[in-house]
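> Numbering-wise (full-length UniProt numbering), the sequence shown opens with residue 1 and increments by one.
It is worth saying that the hints were derived from the structure and are not from the lab. The structure presented is a predicted model; accordingly, all values stated were derived computationally and were not measured. Each residue gets a CB set at the ideal place from its N, CA and C atoms; glycine is no exception. Treat the hints with care, since some could be wrong.
As the list claims (entries may be wrong) - Cross-link-like lysine-lysine pairs, in silico, DSSO-like; alpha carbons within 27 Å at most:
#: 1; residue 1: K84; residue 2: K74
#: 2; residue 1: K84; residue 2: K53
#: 3; residue 1: K53; residue 2: K74
Said to hold, decoys possible - Derived DEER-like restraints, expressed as beta-carbon distance ranges:
#: 4; residue 1: K74; residue 2: R16; range: 33 to 41 Å
#: 5; residue 1: V104; residue 2: G48; range: 33 to 41 Å
#: 6; residue 1: V12; residue 2: D80; range: 45 to 53 Å
#: 7; residue 1: V22; residue 2: F76; range: 30 to 38 Å
#: 8; residue 1: R109; residue 2: A81; range: 36 to 44 Å
#: 9; residue 1: F76; residue 2: N49; range: 21 to 29 Å
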Amino acid sequence: MKRRSEVAVSPVTKVRTQVARVVWLLFALAALFLAVGALMVALDANTGNALVKFVIDTADRVDLGVFSRQDGIKHFTGQDATTKNALFNWGLGAVAWLVVGRIVERLIRP
Numbered sequence: 001m002k003r004r005s006e007v008a009v010s011p012v013t014k015v016r017t018q019v020a021r022v023v024w025l026l027f028a029l030a031a032l033f034l035a036v037g038a039l040m041v042a043l044d045a046n047t048g049n050a051l052v053k054f055v056i057d058t059a060d061r062v063d064l065g066v067f068s069r070q071d072g073i074k075h076f077t078g079q080d081a082t083t084k085n086a087l088f089n090w091g092l093g094a095v096a097w098l099v100v101g102r103i104v105e106r107l108i109r110p
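Could you build the full structure based on these sequences and the hints that come with them?
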């Protein structure tokens, strides 16, 4: 009986596995930008800083409009509305990116 490491793996299987890893990494990266962006908004980070601006701008791009801070799924008003909108909408967006990413990764992986 052959061990798992001794079993020949087809080139197609190797490619599909690598593509699945890259896809999962991209989805996880999008979720990370949303989560870190929400944290930066909540902590009132200096938007004059290039790194903070880059993270928040990237989070604005990957929220797909559905999870937008300004016009997302839930819109808070009143005191600290900007922080609440960012935490709720971008947090929900991060979870959505992770769930959809895992599903897509499982569909691609052999």
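> Taking the hints in turn, state whether each one holds.
Each hint, compared with the structure:
Taking the CA atoms of K84 and K74, the gap is about 9 Å. The hint holds against a cut of 27 Å. Our distance criterion of 27 Å between C-alpha atoms is met by K84 and K53, whose separation comes to about 19 Å. Taking the CA atoms of K53 and K74, the gap is near 24 Å; set against the 27 Å cutoff, the hint holds. Taking the beta carbon of each, K74 and R16 are about 38 Å apart, inside 33 to 41 Å as hinted.
Restraint check, V104 to G48: a C-beta distance of roughly 37 Å satisfies the suggested window 33 to 41 Å. One distance hint, 45 to 53 Å for the beta-carbon pair V12 and D80, holds here, with the actual separation near 52 Å. Separated by about 36 Å at the C-beta atoms, V22 and F76 satisfy the suggested range of 30 to 38 Å. Range check, R109 to A81: about 41 Å between beta-carbon atoms, so the 36 to 44 Å window is met.
A beta carbon spacing of about 25 Å between F76 and N49 agrees with the range 21 to 29 Å that was offered as a hint.
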